[in-house]
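So the sequences go chain by chain: A and B.
Take 1 as the starting number for the first sequence in this note's numbering and just add one per residue.
Take 1 as the starting number for the second sequence in this note's numbering and just add one per residue.
Think of the hints as simulated: they come from the structure by calculation, not from any bench.
Note that CB positions come from ideal geometry on N, CA and C, so glycine has one too.
Warning: the hint list may mix true and false statements.
Unchecked claim - Some, not all, of what chain A presents toward chain B, calculated at C-beta under 8 Å: (1) GLN40; (2) GLU52; (3) LEU53.
To be verified - Distance condition first, Cα-Cα at most 35 Å in a straight line; then the derived DSBU-like pairs of lysine-lysine: (4) A:LYS19 to B:LYS55; (5) B:LYS387 to B:LYS189; (6) A:LYS73 to B:LYS55; (7) B:LYS55 to A:LYS26; (8) B:LYS25 to B:LYS74; (9) B:LYS81 to A:LYS73; (10) B:LYS227 to A:LYS21; (11) B:LYS161 to B:LYS81; (12) B:LYS74 to A:LYS19; (13) B:LYS189 to A:LYS21.
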Amino acid sequence: MTNLEKYNKAFIESFNIGKDKLDGLKYQDIIAWDSVGHMQLMTELEEEFNVELDIDDITDFSSYEEGKTILLKYEVNLDI
Amino acid sequence: MLRLEVVAIPMYLNSKIQLMAGNDKFSEMPALKPLVPFDDSVIRFLDELSGLLIKHPQGRDFPEIITFGFYVRKSSITRLKRSYEDLKSNVGRGVSFHIAPSNVPINFAYSLLVGLLSGNACIVRLSSKELTLTNILCDILSTLLDMPKFSELKEYVSLIKYEQDTEINSFFSSICDLRIIWGGDNTVKELRKSPLPPRSFDITFADRYSFCLIRAAEYLNIKDKRKMAFNFYNDTYLFDQNACTSPRLIFWVGDLENIRKAKEIFWHALHELLIEKKYLVQPMMAVDKYSLSCDVALDYENVALPIAPDNLISRIELESLQSDLPERTCAGGSFFEYSDQVPDKLSNFVSRKFQTLTYIGFKRDELVEYFANLEMVGLDRIVPCGKASEFSLVWDGYDLIRHMSRVVSFE
């Protein structure tokens, strides 16, 4: 699985949504991505990429796109 | 091998105790070896627990469970562990006996957490109230502890329930090295009837008072008023304003016109949120809120009670800060308000009873500087609005991990 596939999988499984909904998805756009869903997503991503997300990054992680930039800081490149 | 001083619990007392999870051989717990702070076995257990909690199907009904699960996940605990790296020669004190409160049901889990993280065996008395959240968590803890891979750790955990009983309190007090009493002044008083062994001590969480400091002009500049209302809701109504961290006094700072505007917007935004959340004021609470307003109106001078469309938010505007104000508390959304150009009146008002100050429209550093110079006897935490109930290993002025472990000194 590529990094992008893993990234998408975390969203799809945490929020139970289709892949077509991911582009442009923002925090609180859908009911599932509330504060509870956010914690579930963060846990999935930490496990998937074996990283420890900093509390500021967890707070700043406000969209599907923003998350990609944040993960780059942890040397997780989603383009490969 | 059991230590000689082990005293078995009398049968007639044992039969009154209901085991909810873990080890039922209480008398043998003093013989267990203390663990080191952040022991690997504890971190492994917490991580497995975290996985089950975060994905729990009832998580949305009980967000506290998810928040706790998130707090105990491996990366979070590993980060906490790093801030205690200097504790290389510490070990747990032995047996910790926790008396959990009923006002914040999830609290027992955090008490157990600090007990284990600091290296102690934990006997946790849960509130005898029948609470769904407690049952969900106990079921999960029980299932995990019964797994063969956690059989050693199971010996260190007893989650129990019993009706208030001084004899049982005395038994557990007699075998513990550390007693952690939540639940306020009355619970502390009750437990103090039961003596502790000479070297043991109490960590007490007494009745506390919390308030919120808002700079009106800055509040007016905040774009997302709904989010701020939500933060305030999380500090207050989420626990029916019953938590010791829930603000009861709002101290407005600024000029009168800004404060007037800010109050209008602030309370309106909160009211909308309460309607959206379908918050219900129980009949008893409504009576208490009304009677508090009447008492205060009679006892204090120049009190204003703003007219409200319903009884969701009860406001009591004060012209002065009386020293007995912290004794006048009431749950379910009852707020005192006081306004001034500067927060200077706080220095004489803050007593030992003061715990958490939440703030809106201030910078952390300016408050650090401001309060550091005041040298007050009270106030243990200063946190942004919305974070009042966020758990921390430093609580009520205690650094719990350091307090609950023993330092072995070498020279």
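Checked hints:
no., hint, verdict
1, GLN40, "holds, 6 Å"
2, GLU52, "holds, 4 Å"
3, LEU53, "holds, 7 Å"
4, A:LYS19 to B:LYS55, "holds, 21 Å"
5, B:LYS387 to B:LYS189, "holds, 29 Å"
6, A:LYS73 to B:LYS55, "holds, 27 Å"
7, B:LYS55 to A:LYS26, "holds, 21 Å"
8, B:LYS25 to B:LYS74, "holds, 29 Å"
9, B:LYS81 to A:LYS73, "holds, 23 Å"
10, B:LYS227 to A:LYS21, "holds, 25 Å"
11, B:LYS161 to B:LYS81, "holds, 31 Å"
12, B:LYS74 to A:LYS19, "holds, 29 Å"
13, B:LYS189 to A:LYS21, "violated, 57 Å"
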